[in-house]
Amino acid sequence: MIRRALPLLFVLLCSVSLLVGVKQLSWAQLFAGSTDAWLTLTASRLPRLAALVLAGVGLSLCGVILQHIVRNKFVEPATTGGLDAAKLGILLALTLTPEAGALGRMLFALVFCFACSLLFVAIIGRLRVQHSVLVPVIGLMYGSVLSAIAEFHAYRHNILQNMQGWLLGDFSRVVQGNYEVIYLILPIVLLTYLYAQRFTVLGMGQDTARNLGINYVATASLGLLLVSVTVSVTVICVGAIPFVGLVIPNLVALQFGENLQRTLPIIALSGASLLVACDILGRVLIYPFEVPIGLTAGGLGGVLFLALILWTRR
Amino acid sequence: MITLKHIHKAYAGKTVLHNVSVQFPTRQLTSLIGPNGAGKSTLLMLIARLLKPCSGEILINGRNAAHYRVSEYARQVATLRQHPQFSLRLTLEELVAFGRFPHSRGALNEEDRQQIDTAIGFLGLDHLRGAYIDELSGGQRQMAFLAMTIAQQTDYLLLDEPLNNLDMKHAVQIMRALRRLCDEQGRTVILVVHDINFAANYSDHILALQGGAVRFCGPVAEVVTRSRLQALYGLDFEILRSERGFVCNYFNPSDQEREHEQG
Amino acid sequence: MNSAIIRHAIWPLLIALALAFVLVGSGLDLAYVIPRRLLRLAAMVLGGVCVAWSSIAFQSITGNRILTPAIMGYEALYLLLQALLILTLGSASLALLGHHGNVLLSMLCMLGYSWALHRWLLGNGKNNLYFLLLFGLVLTLVLTTFTQFIQLRISPGEFSVLQGFAYTSFNRADGQQLLYSGALVLGVGVVGFKTLPSLDVLALGRDQALSLGVDYPRYVRLYLALIAILVAVSTSLLGPTAFMGIFVANITYALARSSRHRLTLPLGCAIAISLFIVAQFLVEQVFNYKTTVGILVNLVCGAYFLALMIRSRGDA
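Residue numbers (the numbering used here), protein chains in the order written: chain F, 1 to 314; chain R, 1001 to 1263; chain Y, 2001 to 2316.
Mixed in with the good hints, there may be bad ones.
In the DMTMM-like style, the derived pairs of lysine to aspartate or glutamate whose C-alpha atoms are separated by at most 20 Å in a straight line are [to be verified]:
id, chain 1, residue 1, chain 2, residue 2
1, F, Lys73, F, Glu258
2, R, Lys1005, R, Glu1057
3, R, Lys1052, Y, Asp2215
4, R, Lys1169, R, Asp1155
5, R, Lys1169, R, Asp1195
6, R, Lys1052, Y, Asp2207
I should point out that these hints are in silico values taken from the structure, not numbers from a laboratory.
Turn these sequences into a full structure, and let the hints steer you where they fit.
Right, here's the structure in full:
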């Protein structure tokens, strides 16, 4: 039932997303061939929708990969310090090599995100207490230390206010010409599908993985690299969007189980739908102004996360 | 005298105790025994007022327990539960001093100090006075908590599985101390104990529960019999009596029983 | 022995720090510099007392060494409430309700939150510590998101008023607010001090406390109420202090080597005040205002908390 309804819902959300906005747009105008309407569509609405869908797919897949590598269902880029590491990277790029441009920032974000993720996985492996809830707690703390470092640095360079603004997830700046980096998520998604089986095995633990002839370290590193690329791309293009990668895979797992090969398409589609829905919500909530998606998705995701914590306690 | 009348207790719709009416003899040591889930601990917690009965009443010295004030009750009844995790940094002496709280509300007077010393001496813990509770072994810690309960100077002492996780030596030390509390100081001790041998050798009185109801109740000599224990635990018992006490052997079934099972 | 020395040495140290803070580089300007600094010092003293007292008492009644009111979402709730007030009544809300009205309303909300928290999460004492911690951290994030959302809805002028609330600072409070806060803290202190021995007993847990004749539910309610007042005072005076409480409490336990509140509470207050003075001093003299107390506190205390969690053996 849900399986069949999901694509329909997704298409519906996408078409609504194309029509909602400050500038009125209707199918009638498009059919009439209004150049103005078409320009709005191709220069702003379509890029925005593409960015939303890709970010949604990418972030929810990131969550899945991390959850299998760390073997904890409460992790995702926001609860492993990944988001904060990427922010820190961008900040350093801005202050150290301001002339490097978007690519330089992206590279910095990628390197920081990857390094901090590796460190996080190493820390988690050495914990004396194995408790499923301790991992996200440490991840959140780790993230807040990273962001405290970023704040310290930003304040010294007088860009704190600035940083808080552009690091909050926001799709309103996405227009033709400045968002194309986000297409990097496409190959990531393909790679994730290819490696889905291996990530499932990874989730069964190091020993099982080795028994089945999978190089644990290499596969885990590849997974973290895929996550880092996705996170840094989304942070560069649209800013930080927390909790999507956590909530979606968990909700999907509750309904459909955890065999990645079967559930990945559902996860991807649900992630995209959630972001598109949050974006629509953000656009109508205080029309004609926009609520950044970092707030709508963060708020909605956070509430769902809380519900999930309370639910698992029972 | 502690008297229970028609006590009924249920958690979330599941009956744990059903129409329990018993009397606990004063100045005697009573053990609550029975299989897991029989309601022993629940019964003890009801007497301790840590749980409330759904219906029925508990009388302490003829007065309904529910009508006592919390502070008043603490001067009549002391309870010791298990403390598996204890991370507070308190010395043994400081912990025992808490036993005087019902009397002095935190401001110790000369009599309080004396009672603390007596309680520590009673259990032979003088050498551990300044030791931190979280650094003691499980057995020593249990002794420390018992000392606190003793310092409370109440007529009634309730202990919930005080022998859990203790080695034999500490278990015997605790049971002997409880015995002396009854014999020398005339206190009434009620405890939940799993090991039937400890119950049989140190108690005056035994109350056996099964499935939330009283199975049997009476002086040790009367109730520790093969047929009663067999029915209670569903095990084949052999009871050996010597001048040093009882041994209830239930480890291996007798040949007769074995044949019975195979046949 | 060692702990006794520390306990006695901290007070002269604190006084020396306070004097240094007020006098160093002041040019003995009694007309402006020193009075300004005294105001800041008063804010630090009151804030320090609030943070230390509320954190240590909260940890005692919840039976652990990790959770603090700030982590359980109290501060985020306070900020959300302030944002809501400004949204519904405008920045005139402060004038409209008056300072008393605002403080009173905040405290009522915090009391309500305390009650809800105790009723559903802390009350049965069976919830896992890490679970509570995760809940608190995520709740804080969600409440902060809502606050940010409200910030979008309000005008820029009001925004800056609100922005001011969101950072730790000692310059916020004026003399009058300090006076009211001081009176409140004093009131809490008197009640708290009278019931101090009971707090020791509460720390033993529900069953043991009841068995020792302490009316556990009643005293827990009383203490949650006191804590709510202290957090409201400290957040309105200094802004959010996040991980400061956990840092102060754990340093206190380590130095006091005792769990008796008669020792830990005063020591905790002294440590918190000293830390505030040192942080402010660093900001003013070393970093030359190129950083803020809030950022320093987050950095140091956050790192400490992270280390604490990583080393945790699960029995904290």
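Status of the hints after comparison with the structure:
no.	hint	verdict
1	F/Lys73 with F/Glu258	holds (11 Å)
2	R/Lys1005 with R/Glu1057	holds (5 Å)
3	R/Lys1052 with Y/Asp2215	holds (15 Å)
4	R/Lys1169 with R/Asp1155	violated (27 Å)
5	R/Lys1169 with R/Asp1195	holds (14 Å)
6	R/Lys1052 with Y/Asp2207	holds (13 Å)
Checked against the numbered hints above, the structure breaks only hint 4 and satisfies the rest.
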